[in-house]
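Chains W and Z are the protein sequences, given in the same order. For the first sequence, position 51 (counting from the first letter as 1) is numbered 324 according to our numbering, and the numbering increases by one without interruption. For the second sequence, position 11 (counting from the first letter as 1) is numbered 12 according to our numbering, and the numbering increases by one without interruption.
In case anyone wonders, no lab produced these hints; they're calculated from the structure. Errors might be hidden in some of the hints.
Stated by the list, open to error - To give a feel for the contact side, a few chain Z residues facing chain W, derived at Cβ under 8 Å: (1) W6; (2) V12; (3) A17; (4) S19.
Stated by the list, open to error - Dumping the calculated SDA-like pairs for lysine to any residue here, alpha-carbon to alpha-carbon at most 25 Å: (5) K340(W) x A28(Z); (6) K170(Z) x T87(Z); (7) K340(W) x P18(Z); (8) K340(W) x S19(Z); (9) K170(Z) x R322(W); (10) K340(W) x G154(Z); (11) K340(W) x L27(Z); (12) K340(W) x E109(Z); (13) K340(W) x D108(Z); (14) K340(W) x V16(Z); (15) K340(W) x A17(Z); (16) K340(W) x R20(Z); (17) K340(W) x N88(Z); (18) K340(W) x R29(Z); (19) K340(W) x N107(Z); (20) K340(W) x G31(Z); (21) K340(W) x V85(Z); (22) K340(W) x T92(Z); (23) K340(W) x P187(Z).
To be verified - Quick look at which bits of chain Z chain W covers, simulated, 3 or more residues with Cβ under 8 Å: (24) 21-27; (25) 109-118.
Built from N, CA and C at the ideal position, the CB exists for glycine as well.
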Amino acid sequence: MSEDAIERVYRDSGTQLWRGIYAFTGGRADIADDAVAEAFARALAESGRIRSPLPWLYRVAFRQAAKALQDERRQDRTPAEPQAERADDPAPNRSLGALALLTPQQRAVVFLFYYADLSIAEIARATGSSRVAVRVQLHRAREGLRRRYGSAAAMREPSCLGGTDERELV
Amino acid sequence: MNVNWSSELQVLDRVAPSRDLWADALARAGSPPPHANRGFPGLLWMRPWRRRTVVLGSGLGIASLAAAILVALGTFSAGAAYAVTTNPDGTITITMSQLSALPALNDELAQDGLPIKAVPVTADCPFNPNQGLPTLPGGSGSGLLPTDSITIGTSEIASEGGIDVIGVKEISPGRFYFMSAGTRPPGPSCINTAAFG
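With the hints as extra help, turn the sequences into a complete structure.
Set out below in structure tokens:
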């Protein structure tokens, strides 16, 4: 894959990738900037060995962003503070609306499924997890809102039991 | 609460990168970090080689020259040529049973976006990372048992736009010596045996 081809991916999908990282991090534009730039830099360095650039870029950028959030939590954590009381997710930006109610992993899969329109298999590759794990995250995103508000959230959900990658409506 | 994600996610249409990240990526990929050119011909920069630490089952630790690298004796499931594991602390463990697995291992590392490259150690390789650097004390693992895995902390090298190159020397079937060094991508394709001291 040439540098020109990677640049085309950036021009075509870079902003969408950035928005995915922005959602994942709860509205952290600074981390999204850094993660996306780093992902494309590594793509340039590894260009000869990348077969499917977009899932690869998502995976690298998600990993980079997750590490940035993790590093921030470590720096913020004081020895006297019980780790169990730390939220797994830093306070998300309220402008994210309902997305802000989800965990970072749920935001990532919700974004990739409903916004980036990726299949379950593609999301699994992009997030470095299994198809089952992706379905579980999507299911939990819906159930989390249901428990919080006491009514079913009207969101499309893939068939969690069907074992297919069809983008089904529930 | 009824949530229509298609409309909820439209909030993201209003946000975008504040600058040209492509230029940022090009700069990261093409420019050496500030501490470049520390004496390696053919390399932009290279951290000194770090000798591995082998942790024995009894808990006996052997001194390491760098905290960023750890080789652990571990189990390995029969049949697999290699395995790549991401640990909870962010380190990466590579386990090998066959030297011939290096190409497939490197493909997987690249697919995973991990800044790691594993290369064989050969006697005729022109690349000796110790040239131009202070000699590391000790031998190439004399007194240490060959092992089948290496655990690497990649955050430091990745933050500098580099990769960790692992030299793999097979001592006996399924048992290896590993060494690791940070370098600029793409890194060497082999490492001279003399690098192991």
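Of all the hints given earlier, name the ones this structure violates by number, lowest first.
-> No numbers; nothing is violated.
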